[in-house]
Amino acid sequence: MCLPAIIFFAVFAYLPMPGLYLAFVNFDYSLGIFKSAFVGFDNFRFLVMTGDLWKLTFNTIAYNIAFIILGNILQIAVAIMLNELRNKWFKKISQTLMFLPHFISAVLVGLLAYNILSYDYGILNSFLKMIGMDPVETYSNPAIWPYIIVITFLWQSTGYGSIVYFAAIMGLDKSILEAAEIDGANAFQRIRYIIIPYLKPTFIILLLFSLGGVLKGNFGLFYNLVGANNTMLYPTTDIIETYVFRTLMTNFNFSLGSAVSLYQSILGLFIVLTANWIVKKVSPENSLF
Amino acid sequence: MENSARRNIDFSTIMVRLIGYGFIGLFALCCLLPFVLILSSSLTSERAIMESGFSLWPKEFSTFAYEIVFKNPRLVIGSYMVTMIITVVGTAVGLFIVAMTGYALQRQDFLYRNKISFYIYFTTLFSGGLVPFYLLITQYLHLKDNYLAVLLPGLLSPFLIIMMKAFVKSIPHEITESAKMDGAGDFTIFLRIILPMTTPALATIGLFIALGYWNEWYNSMLFLSPNMEYRPLQLFLYNVITSADFIRNSAASANVTPQDIPLESMKMATAIVATGPVILFYPFVQKYFIQGITVGAVKG
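Heads up: the sequence lines are chains A and B, in that order. Numbering of the first sequence is given in our numbering, commencing with residue 1127 and proceeding in unit increments. Numbering of the second sequence is given in our numbering, commencing with residue 89 and proceeding in unit increments.
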């Protein structure tokens, strides 16, 4: 009964793996992967010398760490607040709305951002003009993009992600909270000393899980927000996956793209193994393998 | 309950609730407004957009953009058909395989379950990356410009199989045992007992797969070239947004003179046409997603 799945992963996941040999050759389309000239580590040397590898690694990891840390903090905050609210109707509607951005395609997210940020028509610049300030050139200003990307990510993922924490709070024994109240704990103290410590294990597990993906980008988000050919923004918005995509679709440099992918896979594997090793120390029953 | 709550209410509780209502309300509003902005922009005349930009309320109401989109609905309908067929077929086939695999992998009497689990899980740890994957699809499987290139890679994911495994595990082992005693084969047990008992799980996982296909755009962009007439919905939308030529062509076939083409509002109108129906559908399926995330989070 596992056979279809075994075949599926063999074809779509394992079969491409030998293709990573591309990273060590100078790929010639007419010769194919295994007959192209072997160049050893030249592709990697090139990536290091141009500084691309460092920039991509930094951007990818920095974005992911911001996503993970800020994302989890906001999700916990939203879950705790939702738990404090008493109006069922308000709770239900706001949860539905917060969940909505997760439900749409990356393409539409890109268009939503354009509606707000576009230099000529964007609502941000209309607003700035209205209050008498100068409009900003968003799409050519690399410095503000880390904020735009992180905010968009938070916008899209908070409602969805808070559900896990909300479910955890629901599982908290209500008598503990009541006892604390009788002992005179106020609402802040209940949150600070009971609810937050109670969420800590969930937080740690999710944190370690997401560490495994720290080298995997969020291609759709970056590509659709930044646009395909906006070279001006590359210094702050280029991540491993957008770079690899470009080597393939615009520069046709298959070997360079594979070299970056191989680097990503190996470093990623190393990070997962480390994260798993830490989980085993912290809470053995939650380790991945 | 209302009484006891009122009795204990103190200043800090009021503060926390005030912050809660304020923050959650504001955040929820931020999640809604961009959609309102698109809807409003699609209903604004191009002139008003050119003069004062997009706004939350149409400055000058116009349905012209929609008229053009619907005057030549062939491409939109074609895109809908492609996406719908891919979604339905992909979800049905994928769901069946995911369920089968998840069921088999949690059976304690299945000897290779750990090995196969790791075989599947390992693909999330290490992969060949985009370039070899691209060459595989285009050079070896010859699926360029073939809808199968979009359909096949999205069928299963390790995450969904692990989720299914966790779901099936909650069914008491004795039920399968007793069915076996009564002489049912493994496949009969799966079809007649497991599948009906895991309907909520199937609904959840099915929705995950379906949403993935509906919003799919990456593989479409990689493997379906622009000269294909009918593109999946999201790729169609992507082309409309990024290429003015694309809009000009479809407006030309609707007999609109070039200088009258409402470029900006047509982008928004197409986005509404492509997304609207799904968003209307969304409040009804939301609870299944919540179920799915909660179960998936418990333990893999």
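Take these hints with a grain of salt, some might be off.
Heads up, simulated DSSO-like pairs for lysine-lysine below, C-alpha to C-alpha not over 30 Å straight-line [claimed, not checked]:
(1) Lys257/B x Lys1407/A
(2) Lys1406/A x Lys1342/A
(3) Lys1406/A x Lys1326/A
(4) Lys1342/A x Lys1326/A
(5) Lys257/B x Lys1300/A
(6) Lys1407/A x Lys253/B
(7) Lys1218/A x Lys1300/A
(8) Lys1406/A x Lys253/B
(9) Lys1407/A x Lys1326/A
(10) Lys232/B x Lys1326/A
(11) Lys1300/A x Lys1217/A
(12) Lys147/B x Lys1255/A
(13) Lys1407/A x Lys203/B
(14) Lys257/B x Lys375/B
(15) Lys375/B x Lys1406/A
(16) Lys268/B x Lys203/B
(17) Lys1342/A x Lys1214/A
(18) Lys375/B x Lys1217/A
(19) Lys1407/A x Lys1342/A
(20) Lys232/B x Lys1342/A
(21) Lys203/B x Lys257/B
(22) Lys253/B x Lys1326/A
(23) Lys1218/A x Lys1342/A
(24) Lys1342/A x Lys147/B
(25) Lys268/B x Lys257/B
(26) Lys375/B x Lys1214/A
(27) Lys268/B x Lys1406/A
(28) Lys1342/A x Lys253/B
(29) Lys1342/A x Lys1217/A
(30) Lys232/B x Lys1218/A
(31) Lys1300/A x Lys375/B
(32) Lys1161/A x Lys375/B
(33) Lys375/B x Lys253/B
(34) Lys1342/A x Lys375/B
(35) Lys375/B x Lys1326/A
It should be emphasised that the hints constitute simulated quantities derived from the structure, not laboratory data.
Inset, instruction - Starting from lysine 1342/A, check that the Cα of lysine 1214/A is at most 30 Å away, please. - result: violated (38 Å)
Legend entry - 30 Å limit on alpha-carbon distance, applied to hinted pair lysine 232/B and lysine 1218/A: violated (45 Å)
Inset, instruction - Verify the proposed pairing of lysine 1300/A with lysine 1217/A, using a straight-line Cα cut of 30 Å. - result: Satisfied, since the Cα-Cα distance of roughly 19 Å is no more than 30 Å.
Legend entry - Holds or violated: lysine 1407/A to lysine 1342/A, with C-alpha atoms at most 30 Å apart: holds (25 Å)
Legend entry - Distance restraint between lysine 375/B and lysine 1406/A, which requires alpha-carbon spacing of 30 Å or less: violated (33 Å)
Legend entry - Holds or violated: lysine 257/B to lysine 1407/A, with C-alpha atoms at most 30 Å apart: holds (26 Å)
Legend entry - Pair hint lysine 1406/A and lysine 253/B, alpha-carbon separation not exceeding 30 Å: holds (22 Å)
Legend entry - Given pair status - lysine 1326/A, lysine 1342/A, alpha carbons within 30 Å: Satisfied, since the Cα-Cα distance of roughly 25 Å is no more than 30 Å.
Legend entry - Agreement of lysine 1218/A and lysine 1300/A with the hint, judged by alpha carbon distance not exceeding 30 Å: Holds, at about 21 Å.
Inset, instruction - Would you mind confirming whether the straight-line C-alpha gap from lysine 1406/A to lysine 1342/A stays at or under 30 Å? - result: holds (23 Å)
Inset, instruction - Measure nothing beyond the straight line between the CA atoms of lysine 375/B and lysine 1217/A; if it is 30 Å or shorter, mark the hint as holding. - result: holds (14 Å)
Legend entry - Proposed proximity, lysine 253/B with lysine 375/B (alpha carbon, max 30 Å): With a Cα-Cα distance of about 21 Å, the restraint between lysine 375/B and lysine 253/B holds, given a limit of 30 Å.
In summary, the numbered hints that this structure violates are 10, 15, 17, 23, 24, 27, 29, 30, 32.
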